[in-house]
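Colleague: Chains as they are written, first to last, in our numbering: chain A, 19 to 154; chain B, 13 to 588.
Where hints are given, some of them may not hold.
[Stated by the list, open to error] DSBU-like mimics (lysine-lysine), calculated; alpha carbons at most 35 Å apart, straight line:
1. A:Lys121 with B:Lys128
2. B:Lys189 with A:Lys118
3. B:Lys566 with A:Lys99
4. A:Lys99 with B:Lys470
5. A:Lys99 with B:Lys382
6. B:Lys463 with A:Lys80
7. B:Lys566 with B:Lys80
8. B:Lys247 with B:Lys367
9. B:Lys442 with B:Lys463
10. A:Lys99 with B:Lys189
11. B:Lys347 with B:Lys317
12. A:Lys99 with B:Lys134
13. B:Lys382 with B:Lys486
14. B:Lys442 with A:Lys102
15. B:Lys132 with A:Lys118
16. B:Lys80 with B:Lys548
The set of hints was computed from the structure by calculation and includes no laboratory data.
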Amino acid sequence: MRSRFPGAMLALLVVAAFLGSSAVAAEMNGPMSSTKKPEAPAVAMPQGQPPMDPKAGLDVEKLFAGTCGWCHSGGGRMAGKGPKLMDTTLTDAEIVQRIKVGKTGAMPAFGSAFNEVELQAIVKYIRGLREDSPPK
Amino acid sequence: MKRSHLLHAALLAAAAVLGMSAPVPAADIDTQRLLNADKNPADWLTYHGSYKSWHYSGLDQINTDNVKNLKVAWMHAMPRSTRGLQSFPLVADGVLYYSGSYNQVYALDGATGELKWAYKQKLNEDLVAKQTHSPYNRGIAIGFGNVYMGTLDGKLVAIDMQTGKFKWETKLVESEKLTVGFTGAPLLVNGKIIIGSQGGEWPYRGPIFGVDANSGKLLWTFFTVGGDENDPARKTWGGDSWKTGGGGGWMAGGYDPKTNTVYWGTANPAPLYDWGGAEWKTKGARPGDNLYTTSVIALDPDTGKLKSYFQELPHDAWDFDSAVGEFVMLERGGKEYIVHANKGGFVFVYDPQLKVQNVWQGVKNINFVKGIDPKTGALIGRRDLAEGKHQALCPFIAGGYSWNAGSYNPGTDLYYKVGNEWCMDLEVIKTTPVLEPMAQLNIGSNFTVNKTTPDGGKARGHVSARDPITGAVKWQVEYAEPPLASLLSTKGNLVFVPDARGWLHALDARTGTELWKHNNGQGHNGGIISYTAKGKQYIAVATGWGGLAGDDYKVLYGEPWTSMPTDQGTLVVFGM
Numbered sequence: 019m020r021s022r023f024p025g026a027m028l029a030l031l032v033v034a035a036f037l038g039s040s041a042v043a044a045e046m047n048g049p050m051s052s053t054k055k056p057e058a059p060a061v062a063m064p065q066g067q068p069p070m071d072p073k074a075g076l077d078v079e080k081l082f083a084g085t086c087g088w089c090h091s092g093g094g095r096m097a098g099k100g101p102k103l104m105d106t107t108l109t110d111a112e113i114v115q116r117i118k119v120g121k122t123g124a125m126p127a128f129g130s131a132f133n134e135v136e137l138q139a140i141v142k143y144i145r146g147l148r149e150d151s152p153p154k
Numbered sequence: 013m014k015r016s017h018l019l020h021a022a023l024l025a026a027a028a029v030l031g032m033s034a035p036v037p038a039a040d041i042d043t044q045r046l047l048n049a050d051k052n053p054a055d056w057l058t059y060h061g062s063y064k065s066w067h068y069s070g071l072d073q074i075n076t077d078n079v080k081n082l083k084v085a086w087m088h089a090m091p092r093s094t095r096g097l098q099s100f101p102l103v104a105d106g107v108l109y110y111s112g113s114y115n116q117v118y119a120l121d122g123a124t125g126e127l128k129w130a131y132k133q134k135l136n137e138d139l140v141a142k143q144t145h146s147p148y149n150r151g152i153a154i155g156f157g158n159v160y161m162g163t164l165d166g167k168l169v170a171i172d173m174q175t176g177k178f179k180w181e182t183k184l185v186e187s188e189k190l191t192v193g194f195t196g197a198p199l200l201v202n203g204k205i206i207i208g209s210q211g212g213e214w215p216y217r218g219p220i221f222g223v224d225a226n227s228g229k230l231l232w233t234f235f236t237v238g239g240d241e242n243d244p245a246r247k248t249w250g251g252d253s254w255k256t257g258g259g260g261g262w263m264a265g266g267y268d269p270k271t272n273t274v275y276w277g278t279a280n281p282a283p284l285y286d287w288g289g290a291e292w293k294t295k296g297a298r299p300g301d302n303l304y305t306t307s308v309i310a311l312d313p314d315t316g317k318l319k320s321y322f323q324e325l326p327h328d329a330w331d332f333d334s335a336v337g338e339f340v341m342l343e344r345g346g347k348e349y350i351v352h353a354n355k356g357g358f359v360f361v362y363d364p365q366l367k368v369q370n371v372w373q374g375v376k377n378i379n380f381v382k383g384i385d386p387k388t389g390a391l392i393g394r395r396d397l398a399e400g401k402h403q404a405l406c407p408f409i410a411g412g413y414s415w416n417a418g419s420y421n422p423g424t425d426l427y428y429k430v431g432n433e434w435c436m437d438l439e440v441i442k443t444t445p446v447l448e449p450m451a452q453l454n455i456g457s458n459f460t461v462n463k464t465t466p467d468g469g470k471a472r473g474h475v476s477a478r479d480p481i482t483g484a485v486k487w488q489v490e491y492a493e494p495p496l497a498s499l500l501s502t503k504g505n506l507v508f509v510p511d512a513r514g515w516l517h518a519l520d521a522r523t524g525t526e527l528w529k530h531n532n533g534q535g536h537n538g539g540i541i542s543y544t545a546k547g548k549q550y551i552a553v554a555t556g557w558g559g560l561a562g563d564d565y566k567v568l569y570g571e572p573w574t575s576m577p578t579d580q581g582t583l584v585v586f587g588m
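One chain only, chain A, in its complex shape (with noise of 0.2 Å):
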């Protein structure tokens, strides 16, 4: 288990900083509004973790099964909640760009997510999608 999480990634792991009030006086905002004084969390995700290293490359098929597969069935094999992508009429260029922007309602912005090579990683297992893949 823990060669999945690095002790120095979590060991600055900040717990909930429990730090009370963050309440803001009413009078600052209208009911178009809401606060813009940045707020210490009560809940913060960890701390100081190492960037991924770019040399791992992106493991597309633990990625789908990760994120994507909750709309993409089959792998991306099959429609469901989202489109089936085997055999997508979209140009390599559509695909990077749904993937960043996504689409209201349908699917998330992944643009913050993937670096320009992991896009084309992700392509390139798109593109090699097949009814008879075998299952890794």
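Fit chain B to the supplied structure of chain A, relying on the hints for placement.
Modeller: Just chain B now, with coordinates in the frame of chain A:
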């Protein structure tokens, strides 16, 4: 009570002396009024109708004799209804409040639908665009002069009930890193707002919060994954898996004022499917029981301390949350029971200390276990899924029961609940949690929904009327597609079923016979309530399609879902 009345009178007197126009008094929804919510059917004060979570209306102006005359009284369109309208309206003193996508709230005259005020939360829209289980909101809480709502970007906001003006907000979850925030309704008890975050498939620890209802001050945090530092629950997660274990509490729970106990259902662990398979106690992504995920927990609302718990599915390996079921509290033979549905299709019956009294199966097509011991709640014959392909796991990931609430009717002593018969194929794959730059879903498989079920039928649904304690069936009505909206039963011996095609059905609560139906023009995927305004009974139902479970209907059933909008939301209100 007395003090607030005196203060109010003094303010009015002062206003009169100063020649000012008297301010409109703030609706006095205090703890006492919330405790008695079930005794005043004119209002609908909490998400589940009352702390007993019956989803029952004690009104009978509309009944089995005259329901054939039910007509649309008024409608209200919610703009920007991406993923439809999934929320539950609330009503106090003839004013209806309801929320929708992108954390909008509207206050309307309950008799006419005339707008009183509209509120739009300013959101981090870039973040919302990156969220999967978004931008819907499933409900609000009212009281202490405020409307309370959890936001998509991790805040609890208080809005003035009278004016719709922003009062305060408290940032609770760092959604910018964790991706998820709040979509479920808060629960107001004893001056505290209890709200659970989304979680489940996201690699974090699924907190539930207690916040002071007046000041917005955070009072406590309960982590559904691993608890506090010294909590023995942490030892039920192998290695560091507790740090990314999922959990959460994305639906509102219940409350027992006699013991000052909040009951909450917790979400599943992450990844949803664990390649450890049958060796899950020592191997896989999250070795161990994984407390307190897929559990029911009893919390002290003042401190957030755990009083008791029961884990419905130890080491849930199928995404069958305990977050989905309402906590139906009732008495029989002088004994108190809590009835709670689990997403796997079983109903657990507890005593107030969460000791199992019975477990009954409400859905036919189940094979993730062979059964559950009705005396102990122990799983019998688990179907653990090792890495690789698996056929016809039942139920489908959307659940034998989903988050749409059932209804208990004290007149018939029956519990009405939508059950889903559907299954799926999947391939379990080893995944790694993605935490940077922001957390991503960690499912652990690719899957596809099946059009047929192992019993030789098709993927389908039903509404059943059962004894809530024994599960004995009184009647059951089949639906070609599972209804995904909540049910309402009334003293007028009616059960309202808002279905997936768009029909709102009124059934005889005693027999299941259909007495009336009306086509609302789009599927239902939200709440339904009854209330009175100016002495007249109304039925209000959320219409609008596009929820995560409903997204599969295009593939499962084709039309009308292929062409059904997923960005429309209308509240439709019926009267005589």
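Colleague: For every hint, state whether the structure bears it out.
Modeller: Results of checking the hints against the structure:
1. A:Lys121 with B:Lys128: Within the cut-off at roughly 33 Å; holds.
2. B:Lys189 with A:Lys118: Judged against 35 Å, a Cα distance of about 18 Å means the pair holds.
3. B:Lys566 with A:Lys99: holds, 8 Å
4. A:Lys99 with B:Lys470: holds, 19 Å
5. A:Lys99 with B:Lys382: holds, 29 Å
6. B:Lys463 with A:Lys80: This hinted pair holds, its Cα atoms lying about 26 Å apart.
7. B:Lys566 with B:Lys80: Holds, at about 32 Å.
8. B:Lys247 with B:Lys367: holds, 23 Å
9. B:Lys442 with B:Lys463: Given pair B:Lys442, B:Lys463 holds - Cα atoms ~27 Å apart, limit 35 Å.
10. A:Lys99 with B:Lys189: With a Cα-Cα distance of about 25 Å, the restraint between A:Lys99 and B:Lys189 holds, given a limit of 35 Å.
11. B:Lys347 with B:Lys317: holds, 25 Å
12. A:Lys99 with B:Lys134: OK: A:Lys99 and B:Lys134 at ~29 Å, within 35 Å.
13. B:Lys382 with B:Lys486: holds, 24 Å
14. B:Lys442 with A:Lys102: The hint holds at about 22 Å.
15. B:Lys132 with A:Lys118: It holds: about 27 Å lies between the C-alpha atoms, which stays within 35 Å.
16. B:Lys80 with B:Lys548: Since the Cα atoms of B:Lys80 and B:Lys548 sit roughly 17 Å apart, the hinted pair holds (cutoff 35 Å).
Comparing the model with each numbered hint stated earlier shows that all of them hold.
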